[in-house]
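Peer 1: Spelled out from the first residue to the last, the chains are:
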Amino acid sequence: MKTTSLFHLLFIVFLSCLWPSVLLATDNSECMDCHSDEGLTREAAGDVSLSRMSDQLFLDNDKFHLSVHHLNEISCVDCHSDIEELNYDNEIPHKAHLEPVNCTACHEAEGEAFSQSVHMEIRGKGITMQCYACHGYHYVKRLASASVAERENLFCLKCHNADNYHDWLPQKQAHFAFVECTVCHAPTVPSHIHLNFYDLVTNKFFNGNQIIEALGIGFDEFLPLIDTNKDNIINTNEFEDLLLILRQKNIYTEVHAELVVELEPILHNVIKGGSTNECEKCHSADSPLFDAVAIVLTLEDGSAEHYEVEKDVLNSFSMSSFSALGGTRVKFLDKIGLLVILGGICGAGGHLFIRLVTAPLRRRNKENEQDS
Amino acid sequence: MANEKMIYIHPAPVRVWHWVNAACFVLLVITGFQIRFAGTLGLMPLKDAINIHNYIGFLTIANYSIWLYYYFSTGKIKIYFPNPKTFIGNAIKQIQYYGFGIFLGKPNPHVMTPENKFNALQQKAYAALMFVFVPAQMITGVFMWQLKTYSNYIDQLGGIKVIDTIHVILFFFFASFLVIHCYLATLGHTPLAHFKAMFTGYEEHH
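For the protein sequence lines, the chains are A and B, in the order given. Residue 91 in the numbering used here sits at position 91 of the first sequence, and the numbers go up by one each step. Residue 74 in the numbering used here sits at position 74 of the second sequence, and the numbers go up by one each step.
Simulated from the structure, these hints should not be mistaken for laboratory data. It is possible that part of the hints are untrue.
[Stated by the list, open to error] DEER-style ranges, computed between Cβ atoms:
#1 177(A) / 18(B): 37 to 47 Å
#2 111(B) / 177(A): 52 to 62 Å
#3 273(A) / 186(B): 49 to 59 Å
#4 18(B) / 173(A): 30 to 40 Å
#5 272(A) / 131(B): 51 to 61 Å
#6 159(A) / 19(B): 31 to 41 Å
#7 148(B) / 57(A): 40 to 50 Å
#8 277(A) / 148(B): 50 to 60 Å
#9 272(A) / 23(B): 54 to 64 Å
#10 148(B) / 209(A): 22 to 32 Å
#11 111(B) / 335(A): 35 to 45 Å
#12 177(A) / 115(B): 28 to 38 Å
[As the list claims (entries may be wrong)] Pulled from the structure, derived: some chain B residues nowhere near chain A, Cβ distances all over 10 Å:
#13 161
#14 172
#15 194
Since this is a predicted model, take the numbers as computed values, not measurements. Virtual Cβ for every residue (Gly too), placed ideally from N, Cα, C.
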């Protein structure tokens with residue numbers, strides 16, 4: 001009996017320790033009881049300063065489940081931290097007007113980079129740009145596997161019409177299609193080349209699972225299967241073998257290359273006037289932009305598995321849809337070109353030389369003809 | 001001079017076309033080298049090289065169109081097509097001349113006339129040049145001028161690498177052709193005879 005009493009006592013002490021957090025921890029499901037209602041909207045605020053960008057208070061739970069915050073087990077009240085408790089006696093169980101979410105409470109480095117950016121500078125012009133202007137509210141997805149078009153459409157092109165400001169840029173549409181805006185406009189951020197597999201049958205990109213399933217392996221077995229010399233980097237021969245294996249598995253693909261930035265906090269440091277318009281900085285064989293190349297197998301949650309690839313793959317005919325002047329030229333062609341030009345010069349020079357050497361012979365023949 | 005006869009071989013439209021084309025080719029080759037070897041050569045900024053290359057490229061296409069129209073509308077286009085019955089024999093004679101006879105001072109087996117100004121080898125070479133290589137270079141050049149606009153055609157032809165390779169190989173060929181063409185132009189009865197004729201229109205016959 002004594003032991004049982006002690007156990008009960010300890011249990012009560014344990015519960016009492018938990019009490020404040022049990023009280024405060026509002027489960028997401030409680031929020032969704034109301035916010036899954038598509039008709040839930042905010043009442044128009046009498047005070048215009050309390051108005052928000054949207055009156056809608058509905059939250060699509062399916063989309064939210066794929067958001068990076070949900071995947072990282074961030075709950076509603078972790079962001080909406082001014083909700084301390086829910087009082088169901090009231091029509092609205094929490095404050096009607098919540099404080100704006102402070103993203104930098106968690107994303108400190110991103111906030112620091114942003115504070116030095118042109119997007120912060122525009123506050124001097126009376127324009128306030130909040131994180132959610134680019135990232136949205138509740139459906140922030142992982143971007144590691146996003147294409148250049150997705151990254152641009154989700155962010156920069158919401159406000160900027162790139163077409164209006166790049167007339168100086170040769171092949172501007174090709175640059176927009178293959179190079180993420182921030183490669184140039186946040187030039188301190190490292191970048192790399194993404195290689196994706198494009199399905200020539202359906203005209204869509206293959207996701208990682210499709211590739212892995214077709215190969216009949218797991219993600220862990222992908223590199224060991226392809227990297228036959230076990231140096232942890234896929235060289236041109238191994239890359240061509242991969243394409244052959246995929247063809248044997250009825251995967252008819254074209255490898256699509258894009259230049260994207262690393263998703264690091266410094267990415268938020270978009271600066272005005274920091275981009276270059278010197279073509280040679282990118283379009284030369286020793287440009288660092290082409291140093292890092294990776295096959296990207298995308299996952300449903302927006303994350304991606306990267307597999308390092310030798311930069312020489314970009315110069316090969318396996319990359320039929322990607323060519324950057326100077327940067328990824330097929331160097332074998334230069335050797336052929338050198339031979340063709342040298343052949344022309346040597347042919348003409350050799351013929352001229354023989355003409356000069358045989359000039360006395362022709363002169364003698366002409367004199368003989370005139371004598372006869 | 002008594003045995004010299006001046007024959008009007010190159011009409012004015014052909015001469016204008018030729019020199020415009022020559023200037024365009026030289027500029028295209030120079031800017032082409034700068035574009036191809038942007039990180040190594042420093043003749044001009046890459047952006048300028050690309051812009052000049054594009055403008056000159058379109059001038060070359062316009063000039064080619066004038067050439068095509070002139071030769072077809074006047075019927076002179078037939079000078080590019082050898083007689084199949086005599087071609088092989090004439091070609092062999094011409095090869096023998098360039099490879100041997102010219103060094104001995106033998107006369108050129110081909111006698112230039114307004115109706116037949118090219119020898120058998122020139123006919124074959126220029127037909128390939130004007131009907132295959134130049135059009136291929138122009139088409140691939142236009143595709144590469146606006147990659148996104150012509151992406152469907154580019155993809156159907158095997159992708160940008162294939163288009164680029166055709167354009168680059170032809171570029172090297174044309175660079176080499178310029179050297180050989182200028183050298184062969186010195187093979188008249190004097191080194192400058194053919195050059196003068198391409199300005200005046202008159203070739204001297206001996």
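Peer 1: Quick check: does the Cβ-Cβ distance between residue 272(A) and residue 23(B) fall within 54 to 64 Å?
Peer 2: violated, 42 Å
Peer 1: Is it true that the C-beta distance of residue 277(A) to residue 148(B) lies inside 50 to 60 Å, as the hint says?
Peer 2: violated, 20 Å
Peer 1: When you look at the beta carbon of residue 161(B), is every beta carbon of chain A farther off than 10 Å?
Peer 2: violated, 5 Å
Peer 1: Looking only at beta-carbon atoms, does the pair residue 159(A), residue 19(B) fall within the given range of 31 to 41 Å?
Peer 2: Violated - the Cβ-Cβ distance for residue 159(A) and residue 19(B), about 52 Å, lies outside 31 to 41 Å.
Peer 1: Taking the Cβ atom of residue 111(B) and the Cβ atom of residue 177(A), is their distance within the range 52 to 62 Å?
Peer 2: Since the Cβ atoms of residue 111(B) and residue 177(A) sit about 57 Å apart, the hinted range of 52 to 62 Å holds.
Peer 1: Is the gap between the beta carbons of residue 18(B) and residue 173(A) within 30 to 40 Å?
Peer 2: Because 36 Å falls inside the window, the suggested range holds.
Peer 1: Just tell me: holds or violated, for the beta carbon distance of residue 273(A) and residue 186(B) against 49 to 59 Å?
Peer 2: Holds, since residue 273(A) and residue 186(B) (Cβ atoms, about 54 Å apart) stay within the stated range.
Peer 1: Holds or violated: 37 to 47 Å for the Cβ distance of residue 177(A) and residue 18(B)?
Peer 2: holds, 40 Å
Peer 1: Are all beta-carbon distances from residue 172(B) to chain A longer than 10 Å?
Peer 2: violated, 3 Å
Peer 1: Holds or violated: is the Cβ of residue 194(B) farther than 10 Å from all Cβ atoms of chain A?
Peer 2: holds, 15 Å
Peer 1: Is the distance from the Cβ of residue 111(B) to the Cβ of residue 335(A) consistent with 35 to 45 Å?
Peer 2: holds, 42 Å
Peer 1: Is the hinted range of 28 to 38 Å satisfied by the C-beta distance from residue 177(A) to residue 115(B)?
Peer 2: violated, 53 Å
Consistency with the previously given hints fails for numbers 6, 8, 9, 12, 13, 14, ordered from lowest to highest.
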